[in-house]
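Model the placement of chain B on the given structure of chain A, informed by the hints.
Below, each chain spelled out in residue letters.
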Amino acid sequence: MIVAVAGGKGGVGKSTVAYNLGAELDAVVVDADLGMADLPAGAGPDLHDVLAGRADPLEAVDEGGAVDLLPCGRTLAGARAADPRELVSAVEAVADAYGSVVLDCPAGMAADVGLPLFVADLYVLVTTPAETAVADALRTRALARELDAGLRVVALNKAGSSVAVDRFERVFGAPVTAIPESAAVARAQRHGQPVRAVARECEAVGRLADLAERVRSWRSTDVTDGSIAGPRAEYR
Amino acid sequence: MLDLDYRVHEVGDVTLVDAVVESSAPTPRRVRIESTLEGPVWPPRRDGLPERGWNGDAFEGVVPADGRLALGFASPAEPTEPPVFVVDQERADPDDARATLPAHARVGANDSLEDADDILEHGDGIPGEWTGISGDGIGVDRDAIDVHAVHDRTPTGVVRALGSPAPPPDAVPTPEGPGVQTTPEPAADQTAPETPADQPTPKTPAEQTTSEPRPAEEPSVGPVESAAPGVEAWLSAVERRVRRAEALAEARRVTVAAGALERAGGLDGARRLTDAVERDERALRAVADRARRLADRAAAADVPLSTLARLA
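Each protein sequence line maps, in turn, to chains A and B.
Here my numbering is used: the first residue of the first sequence is 1, the next is one more, and so on.
Here my numbering is used: the first residue of the second sequence is 1, the next is one more, and so on.
Just chain B, same shape as in the assembly:
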């Protein structure tokens, strides 16, 4: 009634087994198939989980009436003859939901072995995978793993399939007002000092002196603002001081320097500004450190909701 056919391949240090159970019975048969290899069985996996039908080292499935059931797995063990045998069989309950196997398990000889190939091809450290996730207390919902397919294997294709990692435009604060990302052209006679390329382009001294709408007074729009108005006010104040310090640092021409110095409140004012900016820097770095540590702790704080729900 049941006919077992199999193939064994050795690929590197790995043994690949595929098998087909053919039934001539008039009704579906539930079969349990086990490996005879002296080593672990690596069933095909999707998203880190064994394919349906695998439980430990055994595969269980239903052979349709007058039909075939195929399976495959890999193992680090030496090949044996035969590599698999049918340990159990019974008439399948047609109402048994388990009688319906996914397509790849029904016709899956190639699927299964392709999965084994897949594992080799992807260079996973151990060329194959072990089963037993269900018995290990690490429950992962198979359906929760939903991977975007990336068909176009180019950088553009990856971005198209997965989205851009750049932050959304409305997450970008605009403390400088419009044009924070644009590069103002230096005036022709301006020997603009070399600025590090990574700095947001500061306004040139010429633009600083020709009075324009005071950008410092514009409210900043950023994620911080909604979180804490006090923090936003403090950051805005720091920003104003840093901008004044930058203007002084960039002022190379006498007339420009004079204007900047005047706005800073003379030499004394410039000294006070320098001290204040230094204090600002220390405070900012301390806040940044604390914020980062808090963010790490926030990320690491795993509330075991499901466990709590059971206990409640």
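Same shape as in the complex, but just chain A:
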């Protein structure tokens, strides 16, 4: 299963959601932001090396941290030397070996997020309740459709306690999981830890687990399942 974590606007918490989702799903988190990496990087080979053919995708997976991570490079020169198209086969190779991959997508509505969404089976759309963030998320969603990535769940990040989840479900036409703003989440991310490792009782931990459960249950309702494909084929 390859899950992209996307959202048009920067600063809405994509990397935080991706990292914690990776922890919940026991997946490899791939930092697919070629231009500006968000997740901590170790000393080993990174995604730039993989995309430039200098390293095998599997040897670039860093298993030393709390979450398995395939970090992106941090230099613009490295990004320039990489062939972004190689992302597709690299991510597929990691998914074959590890089972699940969570792709931390860059912000943006076109080139940056195109290949991660293309290779993903499904995606989690991250937005805050702010109107500009929602508008950008809807654009990302339109692009994801073009690329055949299915929207599984919307992570409504930094949501206040009074946020009307049903209203956002109507806007996105998908289930919404609200994740409250939390100091523990930010602290955990700074220390390269999933939030459940630093504050188990925090409300955000439960919500992130809910989010992961919705993603995890994707397999059972896979759209290639015959029960849905059959009647539709017949109807056509």
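Worth flagging that the hints you see were computed from the coordinates, not collected in a lab.
Check before you lean on any hint, since a few could be wrong.
As the list claims (entries may be wrong) - Ranges between beta-carbon positions, derived for each pair:
#	chain 1	residue 1	chain 2	residue 2	range
1	A	59	B	268	37 to 43 Å
2	B	4	A	26	25 to 31 Å
3	A	59	B	153	27 to 33 Å
4	A	190	B	82	55 to 61 Å
5	B	310	A	99	16 to 22 Å
6	A	213	B	7	35 to 41 Å
7	B	55	A	190	44 to 50 Å
8	B	310	A	65	34 to 40 Å
9	B	36	A	190	53 to 59 Å
Every value quoted in this text rests on a predicted model; they were computed, and no experiment measured them.
Just so you know, even glycine gets a beta-carbon here, dropped at the ideal spot from N, CA and C.
Below, chain B alone, put in the same frame as chain A:
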């Protein structure tokens, strides 16, 4: 005058309804059609917004004279008989701009249901979508959503349609001078130490000793420079120190080490360099953290321009 025909399909837990209103009237008729299903109506959407003609659970459109109007929607509710009915009709004003519906609404039985299929096919969490965006205070300009079509479903096709995510060449700083991305061949007798593959390839010690144009003195070209000359000067200085430290770290042969050590100012100089590079590292990481936090805040700071404009 008006004839209503419909079909109902169940696909999984979803009911799909399509309907055709046929008119034998000599003039266009405006009709309002509502669902009888006991559940929400999921109209076809494009870019997250209901197709034209849908308002809440009702569809409103114009049947041309002696023509047909088709519509479709999905719902999680059980099928009913009939699934839709015409609640209202009137003679359409031919000058009414709304009388002109987009093509897919005029002949759209297939379009509409394909959209419903589309929603299922794309595996959206809820197999279908709800209406009501207009009443929710989240205004999104439908026309502003412009998605590039991706016809070629290959990685190359995606890049061709959407562009490459790699940064443009002129965004790449060239502190090492020309050749930052090229790999210098180590000299034959050189047992080059293993360098991590992710490091920009440093010059080999041999090249460091054979004096060449001092790359450190070359001005760096990068996005930082234009933003703040002071920052650029500081980064260049750090770069020089790091390069000297790298040269020392790589110097394995005595003669090479001696040359590097001499340039570093002897053992004392090397110690001072080590301390300085450590301080540099702490400062760089602190700046990086602060820059990242600022960038996040900059991205999150939503100035409600339209609201301000109304208030002004």
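Okay, the hints, checked on the actual structure:
no.	hint	result
1	59(A) with 268(B): 37 to 43 Å	holds, 41 Å
2	4(B) with 26(A): 25 to 31 Å	violated, 54 Å
3	59(A) with 153(B): 27 to 33 Å	holds, 29 Å
4	190(A) with 82(B): 55 to 61 Å	holds, 60 Å
5	310(B) with 99(A): 16 to 22 Å	violated, 52 Å
6	213(A) with 7(B): 35 to 41 Å	holds, 36 Å
7	55(B) with 190(A): 44 to 50 Å	holds, 47 Å
8	310(B) with 65(A): 34 to 40 Å	violated, 48 Å
9	36(B) with 190(A): 53 to 59 Å	holds, 55 Å
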